[in-house]
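K.L.:
Listed here are the chains, written in short residue letters.
Protein chains: 2
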Amino acid sequence: MTNSKTISTNSSRAEQTRAAILKAAIREFGAHGLSGARIDAIAQAASANKALLYYYFKNKEGLYSAAIESVSAEVVHNALAALDPKYSPGERLLRCALNHFDRILTKHEFQSLLQQEMVRVQRNEHHGETAFFQSTFRPLMERLLSAVEEGVRAGELCKAEPMQVVYAIFGTNVFYFLSAPMVATALGIEPFHPQALEARRRGAVQLWGNALFVDRAHGAKLVQKVLRQMPMPEVKDFQLRRKFA
Amino acid sequence: MTNSKTISTNSSRAEQTRAAILKAAIREFGAHGLSGARIDAIAQAASANKALLYYYFKNKEGLYSAAIESVSAEVVHNALAALDPKYSPGERLLRCALNHFDRILTKHEFQSLLQQEMVRVQRNEHHGETAFFQSTFRPLMERLLSAVEEGVRAGELCKAEPMQVVYAIFGTNVFYFLSAPMVATALGIEPFHPQALEARRRGAVQLWGNALFVDRAHGAKLVQKVLRQMPMPEVKDFQLRRKFA
DNA sequence: TAGTATTAACTAACTGTTTAATTAATGACG
DNA sequence: CGTCATTAATTAAACAGTTAGTTAATACTA
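One line per chain: the protein sequences are D and W, in this order. Read in order, the letters of the first sequence are residues 1 to 245 in the UniProt record's numbering. Read in order, the letters of the second sequence are residues 1 to 245 in the UniProt record's numbering.
Quick caveat, the hints were computed from the structure, so don't treat them as lab data. No false leads were mixed into what you were given.
If you want the ones that stay clear, here's a sample from chain D, every Cβ over 10 Å from chain W, calculated:
#1 Gln16
#2 Ala19
#3 Leu22
#4 Glu69
#5 Asn78
#6 Leu83
#7 Asp84
#8 Lys86
#9 Ser88
#10 Asp102
#11 Phe110
#12 Gly155
#13 Asp215
#14 Gln229
#15 Met232
#16 Pro233
Estimated spans, in silico, between C-beta atoms of each pair:
#17 D/Met141 <-> W/Asn78: 31 to 41 Å
#18 D/Ala220 <-> W/Ala20: 52 to 62 Å
#19 W/His77 <-> D/Gln195: 26 to 36 Å
#20 D/Ala131 <-> W/Pro233: 31 to 41 Å
#21 W/His77 <-> D/Ala131: 43 to 53 Å
#22 D/Lys86 <-> W/Arg216: 21 to 31 Å
#23 W/Gln44 <-> D/Glu74: 35 to 45 Å
#24 D/His77 <-> W/Leu80: 41 to 51 Å
#25 D/Glu125 <-> W/Ser47: 18 to 28 Å
#26 D/Glu198 <-> W/Leu145: 15 to 25 Å
#27 W/Ser47 <-> D/Asp84: 50 to 60 Å
In silico SDA-like links for lysine to any residue, alpha-carbon gap of 25 Å or less:
#28 D/Lys159 <-> W/Pro191
#29 W/Lys60 <-> D/Thr185
#30 D/Lys60 <-> W/Thr185
Cβ coordinates follow ideal geometry from the N, Cα and C atoms, glycine included.
Could you build all of it, start to finish, from the sequences and the hints given here?
P.N.:
Here you go:
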C-alpha cells in the first residue's frame, strides 16, 4: 500500500538491497524514533547509498511506514499462532502471554519500533495508516477478546472486562522491558540477566494463572503445562546492548 | 544538583520565568522527546527568549534533566502518599494502582516525559543521573515491595513474586494510556471518553482485587471501599489532545 | 542499447548554541 | 533620599554544524 515500488521480479540483487534497507530501517527507527533516526545511518547500516532509500521508498516517512507495516504484520501473524482454538480459552491466554514475552525478548528491535509508533500515534503524528492498522490488528484483538469471553462463559475464567485482561497481559510484559533499564539504575539490579529473565517470564504466567482462573489449582496446572511446552528461547545479545548505541 | 543557578532570592520575576520555562520544557520534551523537542518551541511556549534557556539551564540536556528531576520528584512524592501503612498491605496496593491511574489521567505531560526518559535510559543515552534516580525511586520501590511481602506473610495476598506484582499494576495502567490511541484507530473505539476511562479505572482495580487476594471476597470488598473513598478526578482536556499536536 | 540500479557530490533549510548589546534590579554612599 | 556603580535578567542577531532531500552522471544487465 505504501510501497512506491511493488516487488515485481523475483529476488535479484535489487530485492536484497531493498530488504537490507528495510532491516536497517527497523533497527534505526526503533532505536531513535522517526525524527531521531538518521537516513545516513540507515544507508550505512544497509551498506547502500543514501539515494537508494529514496529510490525504493519515497522519503523518510515512506520508509518508516514500510518498516512499521512489515513489523506489525509479522508480529500479529506470530501472535495469532498462539491463539489456536484447540487449546482452552484460558490456556490460549497463557500461551499468548508467553509468546508475547518471548517475542519482545528475541526481537527487541520490533518492540522498540512498535513502541515508537504508539507514542507517535499518541501525538497524532500518524497520517492515514488507519486502514492498515485496522486490517492488521483487528483480527488479533477479536480473537483475544473472544477468548476471554468464551472462557468466562465456560466458567474457566473469572468474570472480568475482556479488554482489561488484554491490557494487563500485554502491559505487564511491555512495561517490564520498558522500565527494566531504569529499574536497573534505580535499584542496582540486573533485569536482563538470563536468570532474571527466566524468573520474570515464569512469574508473569504464574501470576495470570493465579489471577484469571476460577479454579486456581486448574490455572496452576495449565501454567506448568504451558511452561513445559514453551521453553524460553535462547537470548543472544541482550547484554551486548550496553555497548551498542 | 543539576541547577546551575540555585534559587537565592524569593520569587521575583526571574523565578517566574524560570518556572515558566521548566513547565514549557516538560510539555515539549514529553511531547517530542529530547531530540525531537525544539528549543525555539519551548522558548515560545514560555514566552521567553531562546537565550534565556541557556542562561538558566546550561544547555538542552541540562533543561531536559531539570524537567525529568522535577517531574520524578513530584510523582514519587505523590505515589508515596498512597502507601500509608495505616491501610492493610492489600489495600495499599489497590490505592497505589488507583493513584497511579489518576496521576496519568490528570498529569499526562508528566507521564509522557517519564516514558520518554524510560526509552532513553533503555538506549543508554542517559549520562550520570544514576544517583538521582536511586535517591528518588528507591524509597518508592522499597515501600511497594515490602507491602507485597508483608501482605503475603500476613496471608492477605497470594504468594507471588513482589516485583511481578509491581510490574503488573503499573504496566497495565501505562500500557492502557500508551496503546489507547492506537487501539482507538485500530478498533474504532474511543478510549478517552470519560465513561470509558471510568470503566477502565474500575476494571483495573477490580482485576487486582480478584487476582492478588487469597480471599477474593475480601478483595472485592476492599475494592468497593477504595473506589468509594477515591473517586475519579475531573478530567479536563483529554479530548482536546486531538487538536493539540 | 535501453532501461534499471547505484553512486557521489551538492544544496537549501533547520537547529542548538554563542555573542554582544540592552534593559531592569540591587546596593552603596554621600 | 537621590545618584551612581554593579550585577542580574533579557533580547536580537548571527554562527556553525547537521540533515533530509535532489540531481546528474555512471555501472550493470537483460
